[in-house]
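Residue numbers (the working numbering), protein chains in the order written: chain A, -14 to 390; chain B, 6 to 140.
Hint data in this document are derived by calculation from the structure and do not stem from the laboratory. Be aware that one or more of the hints could be misleading.
[To be verified] Listed next, the in silico BS3-like pairs over lysine-lysine satisfying Cα-Cα at most 25 Å (straight line): (1) B:Lys113 / A:Lys331; (2) A:Lys174 / B:Lys115; (3) B:Lys58 / A:Lys174; (4) A:Lys164 / A:Lys(-2).
What follows is each chain in one-letter form.
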Amino acid sequence: MAKTIEEINEKIKKGNVVVFTAEEIIGVVKEKGLKKAAEEVDVVTTGTFGPMCSSSVYFNTGHASPRIKYGGGRAYLNGVPAYSGFAAVDLLIGANALPDDDPRNRVHPGEFNYGGGHVIEELVAGKDIKLEATAYGTDCYPRKKLETLINIKDLNEAVLFNIRNAYQNYNVAVNLSSKTIYTYMGILKPDIGNANYCSAGQLSPLLNDPLYKTIGIGTKIFLGGGVGYVAWQGTQHNPAVLRGDNGVPRRGAGTLAVIGDLKQMSPKWLVGTSMLGYGVTLSVGIGVPIPILNEEILQHTTVTDEQIYAAIVDYSDAYPNVKPSIVGEINYAQLRTGKATINGKKVPTASLSSYSRAVEIAGTLKNWIKTGKFDLTKPVAALPGAESGVSFKTLKERPVNNHIK
Amino acid sequence: MVSKKIVLHFPKRMVDRPLVSHLIKEYNLDFNILKASITPEEEGLMVLELKGKQEDFDRGVKFLKDTGVIIDSLSQNVSRNENRCTDCGVCLSVCPVGAFEVDSGTRKVKFHDKKCVACALCIKACPPRAMELHF
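Construct the entire structure; sequences and hints are all you get.
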């Protein structure tokens, strides 16, 4: 019997909603069978926590007296450059931003101890942040310089807006070269000395709704410890990749753009992150509820780590040089054992995504729903699916001679 | 027989003197150098695993102390800031001695500081910078 989101929300209100995490549901369906479980279960909660680079915060500081317009000038938050190309006192800070004087990779591998991701973590933690702004001055915004402490509690709006998060599956990174390399997938030792992966696998939001049957624009989610929404498909959303019989992508596929009020989030779930030799980023916690509207939707949530395959990619050559070749495929159950055999070599595996935090997020979201603190939304539009023609293109470089602006 | 890991701090004036070789020659101790460095201020630091009879070990350590070398035990030197660790587990493939382990039940990452040899590879490899080195 099919359910509707309205019916599930009624049960949330009454306090008799049935919720399981994407990990628990595997055993529940095994025990009860798909048909019976689909009738009984209302919601399956997912979770993921890992470095998600295309993350940012925008905020409005309120007007100083006399007024200053950051737009067209420059602004720094704890020495990290913020984007100021908006009207007067709006600023945006990206997770990957670095102080102008950071040594970066001048001595390789650079340490990248502080940047945009760390500013976001400190802002959400309620710490004072130093804002320095310079402007050119106008008749209506005469001020040219500002230096002050700001605090999230005094900001008019502070919004987490991440344009690409929650990747649906991801590469497993190895290094085929003869020297150690330092990547956004961690330190990769020579001659396939190790393999790093980054997915919550069977708990990951989009791997539990592989065909985007329920997760869409407007879906209410757990974001950074608070409530957020899916704003759009994420950048690089690539639904038409190779998929298994279960519909689950075997490559990096769909992504989500997410948004939410930073003021109700927590630094536990937005963690400034440093990748040696690569840069800074932000680790983000996201959980998405999946309403069990029918058997097919439930079937997808029972996916296990054994059934999710990812591509093993060489980050010394294939990745940097955009070569399509892969080293092989491997499933997450094998990766989670800590050892994998790749090209005949037994190598240690390690995760960049925290599985225990993904479990905690799915459990927290389950509790929110069961206690009536969180209800479900119906998407206002679907994410583009495999049939949409949306694909992830590479950049076609063209000569710039005689280009007239 | 005992096997212990110790940290030696050599003051500036002693960096150019052979000392550790005496541990073999005169105290019958076997050693494995786990880490050695000289800082810009020319202070020397060495992490040693010493093996031998307890009596020889005690005499060897006394010899080093008498020369002015400062000796610490190793276990306190690398620690984890539990507030920053997110239990991702990327440290597992970096640590050469297997001091990190993922609990198969909770999937949380355990740090066995007794196994740690203070090589410090995890310090900068840890994405949230949860591992701390105290010398």
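Would you list, in rising numerical order, the hints stated earlier that this structure does not obey?
Violated hints: 3, 4; rest satisfied.
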